[in-house]
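Engineer: Throw the hints in and build the complete structure from the sequences for me.
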Amino acid sequence: MLMLVGELLSRAAKWYGDKTATVYEGTRLTYTELNNRANAVANAMLKFGVKPQDRVAIICQNSHYYLEFVFAAAKIGAVATNLNWRFSGKELGFLLNHSDAKVLFISKKYENLLDSLKKELSFDIRSIAIGGEIEGTIDYEKLIKEHSTEEPNIKIDNDSVVLQMYTSGTTGTPKGAMLTHKNVITHAMNTIIELQLSRDLIYLNILPLFHVAIYLPIDCIFVGGTNVLLSDFEPETVLSCIEKEKVTSIGCVPSIIKFLIEHPKFAQFDLKSLRQVVYAAAPMPVPLLKQAINKLHCDFVQVFGMTETSPVTHILIPEEHVAEGPEYKVRRLGSVGRPIINVRSKVVDDQGNECPVGVVGEIIDAGDTIMKGYYKMPEATAETIKNGWMYTGDMGYLDEYGYLYLADRKKDMIISGGENIYPTEVEMCILQLNGVADVAVIGVPDKNWGESVKAIVVRKPDAKISAEDVIEHCKANIAGYKKPKSVDFVDMLPRNAMGKIQKNILKEPYWAGRERKI
Numbered sequence: 001m002l003m004l005v006g007e008l009l010s011r012a013a014k015w016y017g018d019k020t021a022t023v024y025e026g027t028r029l030t031y032t033e034l035n036n037r038a039n040a041v042a043n044a045m046l047k048f049g050v051k052p053q054d055r056v057a058i059i060c061q062n063s064h065y066y067l068e069f070v071f072a073a074a075k076i077g078a079v080a081t082n083l084n085w086r087f088s089g090k091e092l093g094f095l096l097n098h099s100d101a102k103v104l105f106i107s108k109k110y111e112n113l114l115d116s117l118k119k120e121l122s123f124d125i126r127s128i129a130i131g132g133e134i135e136g137t138i139d140y141e142k143l144i145k146e147h148s149t150e151e152p153n154i155k156i157d158n159d160s161v162v163l164q165m166y167t168s169g170t171t172g173t174p175k176g177a178m179l180t181h182k183n184v185i186t187h188a189m190n191t192i193i194e195l196q197l198s199r200d201l202i203y204l205n206i207l208p209l210f211h212v213a214i215y216l217p218i219d220c221i222f223v224g225g226t227n228v229l230l231s232d233f234e235p236e237t238v239l240s241c242i243e244k245e246k247v248t249s250i251g252c253v254p255s256i257i258k259f260l261i262e263h264p265k266f267a268q269f270d271l272k273s274l275r276q277v278v279y280a281a282a283p284m285p286v287p288l289l290k291q292a293i294n295k296l297h298c299d300f301v302q303v304f305g306m307t308e309t310s311p312v313t314h315i316l317i318p319e320e321h322v323a324e325g326p327e328y329k330v331r332r333l334g335s336v337g338r339p340i341i342n343v344r345s346k347v348v349d350d351q352g353n354e355c356p357v358g359v360v361g362e363i364i365d366a367g368d369t370i371m372k373g374y375y376k377m378p379e380a381t382a383e384t385i386k387n388g389w390m391y392t393g394d395m396g397y398l399d400e401y402g403y404l405y406l407a408d409r410k411k412d413m414i415i416s417g418g419e420n421i422y423p424t425e426v427e428m429c430i431l432q433l434n435g436v437a438d439v440a441v442i443g444v445p446d447k448n449w450g451e452s453v454k455a456i457v458v459r460k461p462d463a464k465i466s467a468e469d470v471i472e473h474c475k476a477n478i479a480g481y482k483k484p485k486s487v488d489f490v491d492m493l494p495r496n497a498m499g500k501i502q503k504n505i506l507k508e509p510y511w512a513g514r515e516r517k518i
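So for the sequence shown, the numbering used here puts the first residue at 1; every next one is plus one.
A couple of the hints might just be wrong.
Said to hold, decoys possible - Quick list of in silico lysine-lysine cross-link-like pairs, DSSO-like style, CA-CA up to 30 Å:
id	residue 1	residue 2
1	LYS155	LYS102
2	LYS142	LYS19
3	LYS272	LYS346
I should point out that these hints are in silico values taken from the structure, not numbers from a laboratory.
Structural biologist: Now the structure itself:
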């Protein structure tokens with residue numbers, strides 16, 4: 001029987017009790033302290049009546065609080081439901097309703113979301129304020145002081161759900177991917193082996209933990225390393241943190257690397273401790289990789305996967321990051337690597353037959369890291385998981401050496417700075433604006449973020465709406481990163497005989513002569 005997620009922290013506290021477990025702003029916690037705080041939170045939730053498989057939610061930036069919450073939930077068999085703090089109150093309220101969350105932990109930083117969020121709820125929810133008092137909520141530190149630090153004694157099964165991560169479907173409808181203890185522990189063992197993580201790991205958490213980026217701090221606790229956490233990304237702060245904390249590994253997306261190495265004060269920082277950069281969301285452009293290798297002098301590892309696969313399914317290891325050499329080796333930088341240990345992956349046609357080398361098909365994966373399913377969505381689960389295989393919706397092809405190359409998405413998803421944005425959701429929002437007759441949302445090249453969101457709008461007759469009107473409307477109704485960066489107005493959108501908008505025609509002027517590496 002595999003370990004349980006909560007046992008990872010309990011074990012680390014026994015074995016490395018006095019070692020620094022987390023560094024966040026001015027607070028350093030040992031493993032004993034981190035485990036005691038998680039136990040207190042767990043026992044408080046039990047007192048609130050939280051039962052195994054109940055959902056408990058959090059809206060909080062990266063911090064030791066986040067890890068305390070996730071492990072507290074794991075220790076009592078509850079399901080940590082990590083919510084995107086970039087969402088609007090309306091969006092967060094929808095997710096809380098869908099998840100049936102019994103308790104909400106919310107950072108003081110996002111106090112402004114609480115009123116609008118609660119207006120959306122169909123039930124009352126107990127709220128705990130993290131990092132400062134919020135009227136009408138329970139104070140987090142007071143909660144810890146008032147509850148026992150003894151280990152909870154709750155029977156938990158490996159196949160029970162421990163994390164519920166929301167990921168938008170191809171129509172933009174949020175889906176709660178249910179990850180089990182078996183999924184998370186198996187994934188941790190897979191990635192610890194593949195990334196060659198060791199006990200002296202000092203990992204800098206830059207990517208938000210409401211994403212599947214949560215896997216690396218879990219890996220770090222598994223091996224007894226130190227998690228350094230930053231609540232916001234600011235290049236100079238990251239560079240300073242690497243120097244001060246002697247960081248050995250960071251996780252990021254290519255755009256973050258670009259911001260770091262091109263920062264005007266880059267050369268002023270001592271970054272010799274850095275041994276590994278783990279990047280995801282997109283292949284690293286060769287010019288950027290060469291520049292990064294020359295400046296950082298460390299290993300680069302690309303990982304690929306999706307929320308539903310816990311997440312990593314493929315890896316491009318340091319030895320495969322060849323920027324100069326034989327063409328077939330350099331070409332691999334455009335791939336997402338090969339399957340990691342304990343994951344099976346193949347590319348299939350519409351009939352489920354494996355595609356020959358070089359032929360595009362749908363990427364499907366299998367193994368013990370495949371999610372249990374989508375919460376309260378059995379039909380979507382059945383469409384996605386067939387005979388043990390996860391149908392990813394990503395299109396790609398294999399080369400003769402087994403490297404996977406992404407060809408396109410089945411839908412027109414936009415990836416901007418590592419965030420997945422579904423045009424349908426943005427389009428539905430814009431169509432609610434008075435004066436809009438028609439709209440298409442596409443991704444266009446962006447030198448910093450890979451892609452940015454562009455809205456192409458048809459006004460109603462005599463409508464006076466401006467680009468600023470469209471952007472501000474989106475900002476008020478959906479997460480800020482989803483709003484268009486630019487808006488064009490046209491008289492008519494191109495459509496085929498079936499009435500479907502021909503987005504390939506709209507994209508062509510922006511992508512002509514460019515390779516879309518996402």
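Engineer: Each of the hints needs a verdict: does it hold here or not?
Structural biologist: Outcome of the hint check:
no., hint, in the structure
1, LYS155 to LYS102, "holds, 20 Å"
2, LYS142 to LYS19, "holds, 25 Å"
3, LYS272 to LYS346, "violated, 39 Å"
Hint 3 from the list above is the single one not met by this structure.
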